[in-house]
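Now for the letters of each chain:
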Amino acid sequence: MLRIFSLLVFSCMSWFALAENAPATESNTQFETLLAQLPSTKLSKMAPLVDKIAAQPSPQVPELLQHLMEGELYYLKAANELVYAQPNQQQTYDLTSVLKTEALAPVSIYALKKIRTNNRIRGQIRDLLANMYLSNSSPAVRLQAIKQLLDNPSKTGITSITRLIKTEQEKEIRELMSVVLLIEQLEKGQTAEKLAAISQLEGRLEPTVKNALVKELKKLSASQDLSISQDKSELHKALTRAIGQMEQDGDFYQLLDYLFFGLSMGSVLLLAAIGLTITFGVMGVINMAHGEMMMLGAYTTYVIQQTFPNLIEYSLLMAVPAAFLVSGLVGVLIERGVIRFLKGRPLETLLATFGISLILQQLVRTVFSPLNRQVEAPQWMSGSLEINPIFSLTYNRLYIIIFALMVFFSLLMILKKSSLGLHVRAVSQNRDMARALSIKSSWVDAITFGLGSGVAGIAGVALSQLTNVGPNLGQDYIIDSFLVVVFGGVGSLWGTLVAAMTLGTFNKFLEPSMGPVLANIIVLVGLVLFIQKRPKGLFPQKGRSAE
Amino acid sequence: MKFKKLILASSIVATGLMTNLTYAAENIKVGVLHSLSGTMAISETTLKDTVLMMIADQNAKGGLLGKKLEAVVVDPASNWPLFAEKGRELLAKEKVDVIFGSWTSVSRKSVLPVLEELNGLMFYPVQYEGEESSQNVFYTGAAPNQQAIPAVDYLMNDIGAERWVLLGTDYVYPRTTNKILEAYLLSKGVEAKDIMINYTPFGHSDWQNIVADVKTFGSTGKKTAVVSTINGDANIPFYKELGNQGISAEDIPVMAFSVGEEELSGFDTTPLVGHLAAWNYFQSVRTEENDKFIKSWKKFIGDDERVTNDPMEATYIGFKMWVKAVEKAGTTDVDAVEQAMIGIAVPNLTGGIAVMNANHHLSKPVLIGEIQANGQFEVVWSTPDTVIGDAWSDFLPVSKDLISDWTAPVSCGNFNIKTAKCSGE
Numbered sequence: 000m001l002r003i004f005s006l007l008v009f010s011c012m013s014w015f016a017l018a019e020n021a022p023a024t025e026s027n028t029q030f031e032t033l034l035a036q037l038p039s040t041k042l043s044k045m046a047p048l049v050d051k052i053a054a055q056p057s058p059q060v061p062e063l064l065q066h067l068m069e070g071e072l073y074y075l076k077a078a079n080e081l082v083y084a085q086p087n088q089q090q091t092y093d094l095t096s097v098l099k100t101e102a103l104a105p106v107s108i109y110a111l112k113k114i115r116t117n118n119r120i121r122g123q124i125r126d127l128l129a130n131m132y133l134s135n136s137s138p139a140v141r142l143q144a145i146k147q148l149l150d151n152p153s154k155t156g157i158t159s160i161t162r163l164i165k166t167e168q169e170k171e172i173r174e175l176m177s178v179v180l181l182i183e184q185l186e187k188g189q190t191a192e193k194l195a196a197i198s199q200l201e202g203r204l205e206p207t208v209k210n211a212l213v214k215e216l217k218k219l220s221a222s223q224d225l226s227i228s229q230d231k232s233e234l235h236k237a238l239t240r241a242i243g244q245m246e247q248d249g250d251f252y253q254l255l256d257y258l259f260f261g262l263s264m265g266s267v268l269l270l271a272a273i274g275l276t277i278t279f280g281v282m283g284v285i286n287m288a289h290g291e292m293m294m295l296g297a298y299t300t301y302v303i304q305q306t307f308p309n310l311i312e313y314s315l316l317m318a319v320p321a322a323f324l325v326s327g328l329v330g331v332l333i334e335r336g337v338i339r340f341l342k343g344r345p346l347e348t349l350l351a352t353f354g355i356s357l358i359l360q361q362l363v364r365t366v367f368s369p370l371n372r373q374v375e376a377p378q379w380m381s382g383s384l385e386i387n388p389i390f391s392l393t394y395n396r397l398y399i400i401i402f403a404l405m406v407f408f409s410l411l412m413i414l415k416k417s418s419l420g421l422h423v424r425a426v427s428q429n430r431d432m433a434r435a436l437s438i439k440s441s442w443v444d445a446i447t448f449g450l451g452s453g454v455a456g457i458a459g460v461a462l463s464q465l466t467n468v469g470p471n472l473g474q475d476y477i478i479d480s481f482l483v484v485v486f487g488g489v490g491s492l493w494g495t496l497v498a499a500m501t502l503g504t505f506n507k508f509l510e511p512s513m514g515p516v517l518a519n520i521i522v523l524v525g526l527v528l529f530i531q532k533r534p535k536g537l538f539p540q541k542g543r544s545a546e
Numbered sequence: 000m001k002f003k004k005l006i007l008a009s010s011i012v013a014t015g016l017m018t019n020l021t022y023a024a025e026n027i028k029v030g031v032l033h034s035l036s037g038t039m040a041i042s043e044t045t046l047k048d049t050v051l052m053m054i055a056d057q058n059a060k061g062g063l064l065g066k067k068l069e070a071v072v073v074d075p076a077s078n079w080p081l082f083a084e085k086g087r088e089l090l091a092k093e094k095v096d097v098i099f100g101s102w103t104s105v106s107r108k109s110v111l112p113v114l115e116e117l118n119g120l121m122f123y124p125v126q127y128e129g130e131e132s133s134q135n136v137f138y139t140g141a142a143p144n145q146q147a148i149p150a151v152d153y154l155m156n157d158i159g160a161e162r163w164v165l166l167g168t169d170y171v172y173p174r175t176t177n178k179i180l181e182a183y184l185l186s187k188g189v190e191a192k193d194i195m196i197n198y199t200p201f202g203h204s205d206w207q208n209i210v211a212d213v214k215t216f217g218s219t220g221k222k223t224a225v226v227s228t229i230n231g232d233a234n235i236p237f238y239k240e241l242g243n244q245g246i247s248a249e250d251i252p253v254m255a256f257s258v259g260e261e262e263l264s265g266f267d268t269t270p271l272v273g274h275l276a277a278w279n280y281f282q283s284v285r286t287e288e289n290d291k292f293i294k295s296w297k298k299f300i301g302d303d304e305r306v307t308n309d310p311m312e313a314t315y316i317g318f319k320m321w322v323k324a325v326e327k328a329g330t331t332d333v334d335a336v337e338q339a340m341i342g343i344a345v346p347n348l349t350g351g352i353a354v355m356n357a358n359h360h361l362s363k364p365v366l367i368g369e370i371q372a373n374g375q376f377e378v379v380w381s382t383p384d385t386v387i388g389d390a391w392s393d394f395l396p397v398s399k400d401l402i403s404d405w406t407a408p409v410s411c412g413n414f415n416i417k418t419a420k421c422s423g424e
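Chains as they are written, first to last, in numbering that gives the first Met the number 0: chain W, 0 to 546; chain V, 0 to 424.
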């Protein structure tokens, strides 16, 4: 959202740039004197100077402040002038002069001195800009501006809102403007006005509104004995009611929040466990290298991003099939090279796959270094979907939920509808009988293992968006995957889905009160108790020979 | 009586022999006790290389006391008990004259008894939680009063923070630091309901709840700040989640104590711009010493992209001090060097002079930097003068009367100024 906003801001800045060629006036010379002070001003003295600059009528002001806020305002030591500078491909900086229009040649960083800002100055500039952008031609910019002002309304802001609200066309912006004015009315008005403001503010969700109401209630309780005046007690009642309503709404959305967190964590668990459930269910192989298959998928994403640096937006889409192929291929190799010689010896396969997992980790460490690799998030995966002021869903988690369900249902379809699925199910139910019916069980084993590993690779693509891509990525998820598989019932896809979502949600509802460490322990203890009662998990395999 | 004399005599002979042995040896041996494999390898390998660089430098200048320096590198593999074993190997078998090593507090605590038993000397280069003072260790990283306390002061006075979230990884450093910070905040009049404390396991990656809690906690209209003692890998998903949930540094700044240039290198820091870190050193500080140090580091390691960081400066200062102390004492004998160390001064890389105090802690400046888009920090605040490291926190009831002073007449790491006694005895 922020990025869209700055894009828009830049587009309107070009509009400002057009208006720039005004003749130098007296105010412009004053503007220039203020600008000249920027390079030598200390950080602690910056705030009043920025205020003074913002008060200038010059049309360059918003552009200047915007660049200052984004850390792109520099001082060119040699030419003694202020410039906007941006790093380019050749390790130098492209310059644009602040006051003059002629082009400047790129220079190295050593020729420049940055005009420094800090959080406070940036916050101050954001507020100042919000005031200026309230009357901007773009509705999105106006909306962002009024949202900024809602949290920190200034005196000039209130005056301009009072003026602008009459002509504002967008309903949402007008509403937010009225909220600012109502809060002002609540703070400064007479009792009757306060009551009117409260009744209009009721049902809003913005934390700012709640804070204003709470503040008012505190002021009221501190100032007077309520029984004396009826007005006051009425005000007290109205405030309490409005705050109570807001708290109720807040609790409701908090619940939704936790639910979303739980489902998103469940989806990650589902992605991690679903490949395991197939191999475990069909072949009875405890694959300790499953986590490393995920790691390979994550590294595939990294390699794809490195190979196509200009296609970051699409790299994840490319990575999904690529990761499936890479991890699936490695899976088939492991099955053909190691596991098939250990058929029916679960402990030996466990040890062998554990060894393979260590080898793969070390291999990745040697090839890619032990440091974590950075996988960039495409634009459509970052930020969050704002549903209302206190409830929003982060895009990356949202996509992962959808993605996990897609993977789940495609696997379900493969196992239910395809002939491969039929063979897989036959082998998992009764291997000898299947072989008697001329199903090549060893071929099915290899394909199943490849499929399970490939799905793990896909999970790795999703995980690369959430956590560190490093050699230890797999280890962090292998235990959770086994928990889900055992809890859900070995070999049952639906069991895996239900188990993953249950564990995820349980964890996320426990976490706020218990903390992440204790929540994990409680989930584990619960699981141990559950396994005691139902050793075969939620959805045990059915059938005569299923053990 | 006779027996005592015998011991005295034999110990004199033994010392004589030992000194003879050291003199007979061709090189002065410097032990390097840093993990080169395992989870800590990422950070600690850099420090091993720093020591090697310093040794190469010193040898190029003609060595020390007319002898060459020789590095003895061992790998305790991020395995805490192995730190004790490898430390013993360095002291008993390799007979090193000094050790540079350790990163995590638990590794330091594990090698400590060995150092005291065999009378070794170790330089510890990382910021830590304090509440410790050993005659055999020189602490060249920051104590809590050289990092945590000034950082909180900055948030309080310059940012105007009124509500506090203390987030940490679940182990000794964050827990002790947060205990000190909580006591400090309460003493400054912050109400208990305005402090939220939360611990997460190492490598925690699902930050949704916690970040949402921070957001709610910070939405009451009072300025809120996060003080983060989150360590290692967990930081990246944490900052990512902050960005995704729309918490910018202007709304709720995060002040980190364990995030430096090395941790940020190779990572897109654009969404992190403005978040803070408190250290005694930043690579971006322009001084002549620092420029020289960065240049020689890049040349030594053969990679222009490599960054420098605070524990490297601490290693640099520690090494320079040890060299000066050996020259002053004229020997590498541990007891002589230990006494010679106190009062030794070496220029900091960021300006000013680092002095080794009688409590085995340094005087250093405290800097606060904001993360920039290029992964470097820009200093936004610094202490006007250097701050003396305090081994025992003044804000915890158990340690507020304790001081450490390894010079006569006190000569003790935990001297109680009320009872005028060493608590350990």
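Because the hints were derived from the structure by calculation, they are not lab data.
Please read all numbers here as calculations on a predicted model, not as lab measurements.
Certain hints may be false.
[Stated by the list, open to error] From chain V, some residues computed to sit far from chain W (all C-beta separations above 10 Å): (1) Leu63; (2) Lys239; (3) Phe394.
[What the hints assert, rightly or not] DSS-like cross-link-like pairs, simulated, lysine-lysine; straight-line CA separation at most 25 Å: (4) V:Lys60 <-> W:Lys218; (5) V:Lys221 <-> W:Lys187; (6) V:Lys67 <-> W:Lys146; (7) V:Lys221 <-> W:Lys154; (8) V:Lys192 <-> W:Lys217.
Cβ atoms here follow ideal geometry from the backbone N, Cα and C, with glycine treated the same way.
Task: Non-conforming hints, listed in increasing numerical order - done: As far as the earlier hints go, 2, 4 and 6 are violated by this structure, in ascending order.
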